[in-house]
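Work the whole structure out from these sequences, hints included.
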Amino acid sequence: MTPRISSTDVLVIGGGLAGERCAIEAAAAGHDVLILSLVPPRRSHSCAAQGGMQAALGNCVKAEGDNPDVHYLDTVRGSDWGADQKVARVFADNAPIAVRELAHFGVPWTRVKGGKNSYFIKGERVEIEEALENDGLIMHRDFGGTAKWRACYAGAGTGHSALFAVDAEVVRLGVTVRDRAEAVELIHDGSRCYGAVSRCLRTGEHSAILAKATVIATGGHGRIYGQYTTNATINEGMGAAIALNTGIVPLGNMEAVQFHPTALSPSGILVTEGCRGDGGFLLDKDGHRFMVDAEPEKQELASRDVVSRHMAQRMRDGFGVETKHGPHLWLDVRQLGDEHLRTKLREVWEICRDFVGLDPAQELIPVRPTQHYSMGGVRVNAEGEAYNMAGLFAVGEASCWDMHGFNRLGGNSLAETIVSGRLVGQRIAQTIGKGGVDAETRYANEALQRAEERAAGLLARQGDGPGVYAVRDAMAEVMIGKVGIFRTGDELEQAVAELGQLLDDCDRIVLRSKAPGMNPELSFALRIKSMVRLAYITAKGALARTESRGAHFRSDFPLRDDASWLNRTLARWPEAAAEPDISYEPVGELDVPPGHRGYGADERIEMEMTVEDYNRQVEDAQRAAGKLPVEGML
Amino acid sequence: MSETGRRLTFEVFRYNPQDPDSKPHMQTFEIEEVPYMSLFMALNEIRETLDPSLQFDFACRSAICGSCGMMVNGQPALGCRTQTSDLPDVVRLHPLPVFKLVGDLSVDTGIWFREMAEKSEAWIHAEKAFDPQAQEDRMDDDLAQKIYDSDRCIECGCCVASCGVANVNAEFAGPAGLNRIARFAMDPRDTRDDDEWFEVISNENGVFGCIGMMACHDVCPKELPLLEVYAYLRRKALSTAL
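Taken in sequence, the protein lines are chains G and P. Just add 10 to the spot in the first sequence (first one is 1) and you have the numbering used here. Just add 1130 to the spot in the second sequence (first one is 1) and you have the numbering used here.
Where hints are given, some of them may not hold.
As the list claims (entries may be wrong) - In silico EDC-like links for lysine to aspartate or glutamate, alpha-carbon gap of 20 Å or less:
(1) G:Lys72 - G:Asp145
(2) P:Lys1230 - P:Glu1301
(3) G:Lys126 - G:Glu137
(4) P:Lys1276 - G:Glu349
(5) G:Lys123 - P:Asp1270
(6) G:Lys72 - P:Glu1266
(7) G:Lys524 - P:Asp1151
(8) G:Lys126 - G:Asp145
(9) G:Lys132 - G:Asp294
(10) P:Lys1249 - P:Asp1325
(11) G:Lys123 - P:Asp1271
(12) G:Lys524 - P:Glu1178
(13) G:Lys334 - P:Glu1163
(14) G:Lys123 - P:Asp1272
No lab work stands behind these hints: they were computed from the structure.
Take a look at the structure:
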């Protein structure tokens, strides 16, 4: 039996790479740590990351001259200058350490083979002699939007191997994991967080966990796009939602939504960027490599936002392969050969066989851009502390830390999980006191009671209201249809109105199953209103942002506008308010002034302020938005 | 008439341990087959249109997270990668044996695998602490590939469910457990010596508990080289004993 109220030093919500890496750091420092996870941790969605993890080790010939400075610059350019550059710097500097530490934890990284190697680069078979003195170091592959080969990888199962290695450390340290448990509400007093209320997905029972530090590490929220996502069914954004539902913690840049160029059509299953990194082509229905015309320099390896837009445009222009599920394009990896596909891209080879019944060494793979990554999330400072709420932290995809700005580079998120988990875990370990939790239990009791009443209320509701799956499907159609790759003011206005209507519908949902226990219909119904809220602020933020930056593209405002929009969107949802409160803060101090990314559109509206003037206002403006002061550990 | 011309009958094991009125029984559902239909699609359709109380587990739906192991017409398999086109008109679904039942098709694999990892100490026993300033230790790429071959196990539990020994001996490491042991035993970063491995491997709960029926090898959705894994462990045990 789970105790109704328990306490721990550190409560980590989410058992993926970011949460577990954070937990390890706190546990190794001697703190009591509890991980809540929807699924056994090794089934978290980190396991689905395939192609690689970015760290500037510079170990192979095509990585020569790479270092954290180059990685940092690629990341800022990739973000379309939306990132916090100080955070991007901390990230790039720490990524090599975090990746090498994973080798220490046991990840079987692919290694450099000294001597002659055969690669496929920009359509050509190339022989390259790797230095014998680098034999056995961690190997790199090419990815999109990077100046060097930088992605470290284990086959096409990088996330899987990383997650198993990190979870092995969690087991070694004896960290308690409560799996099949969902955090449904934060316990707080309006300025400090004291833990969370958890719902058991075995029994449906609620319990409260008091903690000195609470970490949200629940990953992304791609399922607000329904089935039109590469994300797992568990990526419903409940971590971001419980932060939003406090009424005071803001979410950052929710309109920044990444579409991955190569998801299988129509299932949405991810096919790694490593396919293009290793020399794969994108072809239209006529077998034409349209990316060579569109991006002569980077070709298929421009950033994901740019490639996805070119693909979507190509299909709009009538060059897609028409099917009853809509059009798709082709990914061609036949030139890489059977052996390469069965080893370095083995998981892709398996996915093709198992889910579309084809052999990628012989046949083309049907792909189309699909929702993949949430750049937006719980807004935190450089040390991972949530705005406006002491004792609350967020790491990984659930957070807006914010090193990705408006477009994340492939392989940077996997690296972010372990870098931010490591650093924020250190921060927590060093700052929380050794005494007990000094929360008044009334906050826990009140939160527990609210959660129980919500579940009981849903079960008791009668009438002819909508079903929960109908609301989900309607939300998904609005999001993919009107808040997708190409956006316009008219469509976004419709999206906001329709999602507003769905929010009202959520209050009338009637369950058909009254089954005791976890009751899958009830479990989903408890989440749906939060999901529609996340969808609503995504659409609302996209409507307000009258420019195009990274993955946010407005056909009616096609230019990046550094004069008016070099900022980050913050969305709060005050308690009992009908509408969220949208505000803005500067992106952070600029070290690299806004410029051309090196791919994509070159035209933009220049900033009017000097960089010095911009930088002078940053700290005050961010503090006014609720940022806790950074204590300077980083 | 469905697009494939088939109407599928699913006979599904039902039991909700949280409901005092629930008794284990089989329930029948009928749905239209569509092209490229997986059990992920079929079971969600059943839950969303026919019985919203039906419990099952899916997460990644791309055969990498290992959540959806279930018995499909008597064989353990991942639901997400099982296509209905490969199945007869009548499909019987049961939860995996060996693991504790959560409800209907949902079983508690997480706790089983955590206990297995604790018992076999399935983590790198490193000689020295991590040095953040140092370059990584080298490893031959062929060895890295070999470790990766075993590291690919997704702990779905299909092999455990198929194993005659694991079904009767709760202490047996099971195919996935033996594979995990081999994965660390072949990794030079793990400093456990042969005598320490001997304790883990060489008893009736280790590799000598295996009676060689090899159903595990047939059902593994990741096609792990389990034959080679057991041979490796037996050799390692014998060379220590001699």
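Q) Under the criterion that the straight-line Cα-Cα distance not exceed 20 Å, is the pair lysine 126 of chain G, aspartate 145 of chain G satisfied? A) Since the Cα atoms of lysine 126 of chain G and aspartate 145 of chain G sit roughly 11 Å apart, the hinted pair holds (cutoff 20 Å).
Q.
Check the hint pairing lysine 126 of chain G with glutamate 137 of chain G against an upper bound of 20 Å on the C-alpha distance.
A. Status holds; Cα separation ~7 Å.
Q) For the pair supplied as a hint, lysine 334 of chain G and glutamate 1163 of chain P, is the alpha-carbon distance within the 20 Å limit? A) holds, 16 Å
Q. Do the alpha carbons of lysine 72 of chain G and glutamate 1266 of chain P lie within 20 Å of each other, as the hint requires?
A. holds, 19 Å
Q.
Check the hint pairing lysine 524 of chain G with glutamate 1178 of chain P against an upper bound of 20 Å on the C-alpha distance.
A. Between lysine 524 of chain G and glutamate 1178 of chain P the Cα gap is close to 14 Å, so the pair holds against 20 Å.
Q) Is the straight-line distance between the alpha-carbon of lysine 123 of chain G and that of aspartate 1270 of chain P 20 Å or less? A) holds, 8 Å
Q. Are lysine 524 of chain G and aspartate 1151 of chain P close enough, with their CA atoms no more than 20 Å apart?
A. holds, 13 Å
Q.
For lysine 1249 of chain P and aspartate 1325 of chain P, compute the direct alpha-carbon distance and say whether it is at most 20 Å.
A. Within the cut-off at roughly 16 Å; holds.
(Q) Hinted pair, alpha-carbon criterion (20 Å max): lysine 72 of chain G, aspartate 145 of chain G. Please report holds or violated. (A) holds, 14 Å
Q. Taking 20 Å as the top limit, are the C-alpha atoms of lysine 123 of chain G and aspartate 1272 of chain P close enough?
A. Judged against 20 Å, a Cα distance of about 9 Å means the pair holds.
Q | Hinted pair lysine 1276 of chain P and glutamate 349 of chain G, Cα distance within 20 Å | A | Distance of about 15 Å is within 20 Å: holds.
**Q.** Holds or violated: lysine 1230 of chain P to glutamate 1301 of chain P, with C-alpha atoms at most 20 Å apart
**A.** holds, 15 Å
Of the numbered hints stated above, none is contradicted by the structure.
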